[in-house]
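Asks: Hey, can you work out the whole structure from these sequences and the hints?
There are 2 protein chains.
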Amino acid sequence: MRSSPMSGERQGQVRVVFTPSGKRGRFPVGTPVLAAARSLGVDLDSVCGGRALCSRCQVMVSEGEFSKHNIVSRAASLSVQGEAEQKLQLRGTVADGHRLGCQATLQADVVIDVPAESQVHRHVVRKPDEAHDIRIDPVVRFYYLEVPAPVLAAPSGDLQRLQQTLKADWGLDVHGCAFGVLQDLQSVLRTGEWRVTVAVRNSNQIIAIWPGLKERPYGIAVDVGSATMAASLCDLTTGEVLASAGLMNPQIRFGEDLMSRVSYAMMNPEGEKVLTDTVRRAINELVTLVTRQAGVERVDVLELTLVGNPSMHHLVMGISPVELGVAPFTLASDAAMDLPAADIGIQVNRGAHVYALPCIAGHVGADTAAVLLAEAPFDLDAVSLIVDVGTNAEIVLGNRSRLLAASSPTGPAFEGAQISSGQRAAPGAIERVRIDPNTLEPRFKVIGCDLWSDDPAFSERASDIGVTGICGSGMIEVVAEMYLAGILDPDGTIRESADSGSPRIVADGPTWAYVLSEGSPGIRISQGDVRAIQLAKAALYAGVRLLMDRLGVGKVDRIRLAGAFGSHIDGKHAMVLGMIPDCDLDKVSSAGNAAGTGARIALLDRSSRALIEAQVRRIEKIETAAAEQFKEYFVAAMALPHQTDSFDELAKSVQLPGRQATRANQVYQPRGLPNS
Amino acid sequence: MRSSPMSGERQGQVRVVFTPSGKRGRFPVGTPVLAAARSLGVDLDSVCGGRALCSRCQVMVSEGEFSKHNIVSRAASLSVQGEAEQKLQLRGTVADGHRLGCQATLQADVVIDVPAESQVHRHVVRKPDEAHDIRIDPVVRFYYLEVPAPVLAAPSGDLQRLQQTLKADWGLDVHGCAFGVLQDLQSVLRTGEWRVTVAVRNSNQIIAIWPGLKERPYGIAVDVGSATMAASLCDLTTGEVLASAGLMNPQIRFGEDLMSRVSYAMMNPEGEKVLTDTVRRAINELVTLVTRQAGVERVDVLELTLVGNPSMHHLVMGISPVELGVAPFTLASDAAMDLPAADIGIQVNRGAHVYALPCIAGHVGADTAAVLLAEAPFDLDAVSLIVDVGTNAEIVLGNRSRLLAASSPTGPAFEGAQISSGQRAAPGAIERVRIDPNTLEPRFKVIGCDLWSDDPAFSERASDIGVTGICGSGMIEVVAEMYLAGILDPDGTIRESADSGSPRIVADGPTWAYVLSEGSPGIRISQGDVRAIQLAKAALYAGVRLLMDRLGVGKVDRIRLAGAFGSHIDGKHAMVLGMIPDCDLDKVSSAGNAAGTGARIALLDRSSRALIEAQVRRIEKIETAAAEQFKEYFVAAMALPHQTDSFDELAKSVQLPGRQATRANQVYQPRGLPNS
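So the protein sequences, as listed, match chains A and B.
Under my numbering, the residues of the first sequence are numbered 531 to 1206, in order.
Under my numbering, the residues of the second sequence are numbered 531 to 1206, in order.
Just so you know, these hints were derived from the structure itself, not from any lab.
Check each hint, because a few of them may be wrong.
All copies of an identical chain are treated as equivalent in the list; a pair is satisfied when it fits inside any one copy or across any two copies.
Taking lysine-lysine and the DSS-like style, the derived pairs with C-alpha atoms no more than 30 Å apart in a straight line are [as the list claims (entries may be wrong)]:
id: 1; residue 1: 697; residue 2: 1151
id: 2; residue 1: 1085; residue 2: 1102
id: 3; residue 1: 657; residue 2: 1117
id: 4; residue 1: 803; residue 2: 744
id: 5; residue 1: 1161; residue 2: 1102
id: 6; residue 1: 1151; residue 2: 1117
id: 7; residue 1: 1102; residue 2: 617
id: 8; residue 1: 617; residue 2: 657
Treat the numbers as computed from the prediction; the structure is a model and nothing was measured.
Replies: Here it is in structure tokens:
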């Protein structure tokens, strides 16, 4: 057997190497590239099964790769373009320099590159806040089929011939078929003249069918919060987010906080039904918004994922939230739920399903499960603390060997509620504050304007939005800065104005208040406001401390702050305030909208569902209300700041460049935590 | 180790033998009988799990069994009755002499009898027409549970604790839970104070839940025919039929026969929907009838089975029947269907499912699958021919090694349609006929009167019901008798009256007719009527012959005639007429309502479902319209009678005692079948 050193052809065979996988093999001349790829297990997409219809199997001939692979790609390595390919290239569906893997056949040794967009199991590259890339392997995939027509001599059901084709062409044993598909099957097969596209879910159930070729299934990740709801529409094939939308939760008219809605449900006949119908209608509205935005038909939405806190989760599902409002705060189920979207009134394709991530415990919801999925602390050796602050703070602590979760009753202060000048994070809200420790004069930033308030151009630039209140992250900063500036005692008392002589400190009944902004409305930080923040941060810290105790660690390796609030707060101020435990500052970061990201992961990567279900089963659920130490930690954590390890460094780091040490450092010795 | 010859006690252990299973073992004194039975795998029922609530585990101490089992049961072999048992005995729930297996404990060597009604896997003894006993092992079973209440320190979902209890108490890994159950779960658990009964389907899904103890699940077997519909309500635990009801299929107003209904569906907008709604409403009416009759609540119906011909099957399922009306007569699916009853609008428990037996081919429906299940020809070495005559004749032929099925287009003559004096089998219809071969005088019987028409008391006794027409089985007999009496030529021509001089033969246009009854209305058998029966019997015979060819047999070992028509026709006359092939007369019998029996088997015995699905998959489907020989056989089978083997014997056997040989025997030599 002889072969030239420059060519691997022997007995009519050619060598092929696929990049980036590096998979290689020998094939007879004339083998289609797609067939070669499949036989080598190369990840090359195809919906139409090699019929030059879907254009998914585009490849490129790599030039100059011969040194690495010892193979030369030559101009004639692949067959010349046929009519089908030329047509698609003219139409622009096949890019210049690309070839259709199902049409091009091997003619000589060649290196073939499979670009990312032609791979089935591609990844979506993570965004800045996200912990990892998302693997794309959706539960719903499309398959184009040419089903044999029935013949009189060998009777068989239409469904059976279709299933046999799925097996023969795609190797899929699909035994299930949605009842609605079965009802339409005969007419669709005949309309499509036996050419149809089926949507197969979990590789085992046909959930939708169309005549002819259909290419793109879409999915929507839905995050239902007590205050706001959000949805992202994704292309299930590419993972791309095509549209996103948010809404206020319309249940707010039945009560600002969850407990008042639960009360509404209990006090009114049909109350639960009203709450359920309201939130389901809002989900449908979100579906309308994102499908319109993306120019996608509702019927092309074939999968949804749902996350939310336990009460929202239960209400969307039509399960009473009443048990979640009373001890022992029992969930109807802490398993994931997977059911037809129509069963909860979501109007998309009638074969579409909703996958709701599992709730973890009565106060730790599917939203936290989603955060967990997005953050994947179970993949790390480092001990992560993940905090998602809302009306409650959901806390997850641990690493690959153990995970613990709890919810701390922080109350709504971090959301700007129950604060005299508090407001939600919206344009006009103060979100950043600095106080000069010498003059006690403040400067601040409001949402919607990128200038500090002491910038000469601020008044003009912020005139449209105004200064309307202070949001949660602003409260964290102002209280921390007030403390650093010596305005607050370590126990949180606002010192009387005589101590500083500053006109910013004014009498407010029997106590004092700090005037942050003198405009109209004036923004004052009252003693009550400081107390509310103290209570909230103490609750959060006590919950974290409890988990650290249970895990047996005195320090966490990294802290991730999730959610809208987590994205806005400054880790340094949070640590000065004693909200979060001691940690290297460069290991404290925002996790962005981790719940939304987790919902999207569950939508795009089928394996993530079993993963999060297993993690939620093994997670240790800690009920703060049942833990004796919680109260003790809570009381101890009321002081400002309650920890010493890195306080000096921290205090320095929040100073503005060139400023002196804080008055707090000069005048007070921080008291530190009680010995515990 | 010593033991007295009369006692097996050793080291505080006693011996126990359970009858009828013969299972035996040694147990510590004080072991409850139920526990001993379970550890030995003895089939002893219990719903409440041994809490003296359900009274299902009743047993008896067998006396005098010591010689067989070498064990003496003595008066004190079991513990004395406690309070719970005495109460139940006073209430009559525990029979005299019976003990509760969960309460009575072993005290000395004993033989314990488990009566049939205390066994889980009992059998229902077959009725005269039925082929075998029915094993009772329903898909839905009840389990009584005492679920642990939730505790704050160890949060877990209500569903998860319930599932853990099912596992701990009953060894069941039930992962599924109907969404409706999940929605009610929390309130039912609390209403029942953590004591609930769950209905579990297929050992893997919770489909219903009640507070407290609930004992009896019910099911309904539904048979949807083109003309009539029937339902039987069964106790799923005992297998007992508690109520049965029938209705005319209200679709009849859209067309007497299937094809006119299919036309209606095609010609009218919403036509299919109207047909579907109509038949579903009728099923709900049947449910109303049988539940009322049995005094059972609709919500206690937890399972249904459905059989019917392909068109009825598809229409009930909301699948268009149009493809079944045109070649190649393609089913949407030839698999069994299992779906929530609510999905096809049947109003029973919302967790109930409908199991529709598989259709076999475009003209061989789920009703034939049910007949197959009832008759079980696949369990026999003997070759069975099973014929179910309706508008089409469904034919199954074979044995344990091979099974074939076909449908022959007999038309509606066997149902009394398209016959001049024809009518359905109903009171007043002539169903039995004898013709004196000498005088050509007839005598007959009508449905609803047990006297022959030549009985002096007949006129008076039949005066209420009258003589209104002739039904299918009457037509078989009259045509056979006309032939035996020499009124008919072998080619089916009615001989002119001059041949016999009988006033019973009268001119009827260019042909002749036989006057069967002179009353009002007069019942005449016209030449057209004879031709209609000839066509029908030729179609049936040709179908049978085709299957025999394919199976490679010249003779069948046994013939079972199914359906209402099959129950009424006389095998002998059918053979004289040449409807069915040669067979020992004592091997020809009625299978009764085999389709209904099959539906009941599928309802009561879960294993029967996999069995019939496997049999239907392996059955060879023969399309008569696609077989060349069919037409040839059909033409050949028009003659009367077309077979010779046992004709003389047969002809003799239909004579009345003491009569002479028939004129047919004297005058004609039967022509027999063409050589083929």
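Asks: Now tell me if each hint is right for this structure.
Replies: We went through each hint and held it up to the structure:
| no. | hint | verdict |
| --- | --- | --- |
| 1 | 697 to 1151 | between (44 Å within a copy, 22 Å between copies) |
| 2 | 1085 to 1102 | within (16 Å within a copy, 95 Å between copies) |
| 3 | 657 to 1117 | within (18 Å within a copy, 79 Å between copies) |
| 4 | 803 to 744 | between (38 Å within a copy, 28 Å between copies) |
| 5 | 1161 to 1102 | within (26 Å within a copy, 93 Å between copies) |
| 6 | 1151 to 1117 | within (25 Å within a copy, 71 Å between copies) |
| 7 | 1102 to 617 | neither (60 Å within a copy, 73 Å between copies) |
| 8 | 617 to 657 | neither (37 Å within a copy, 71 Å between copies) |
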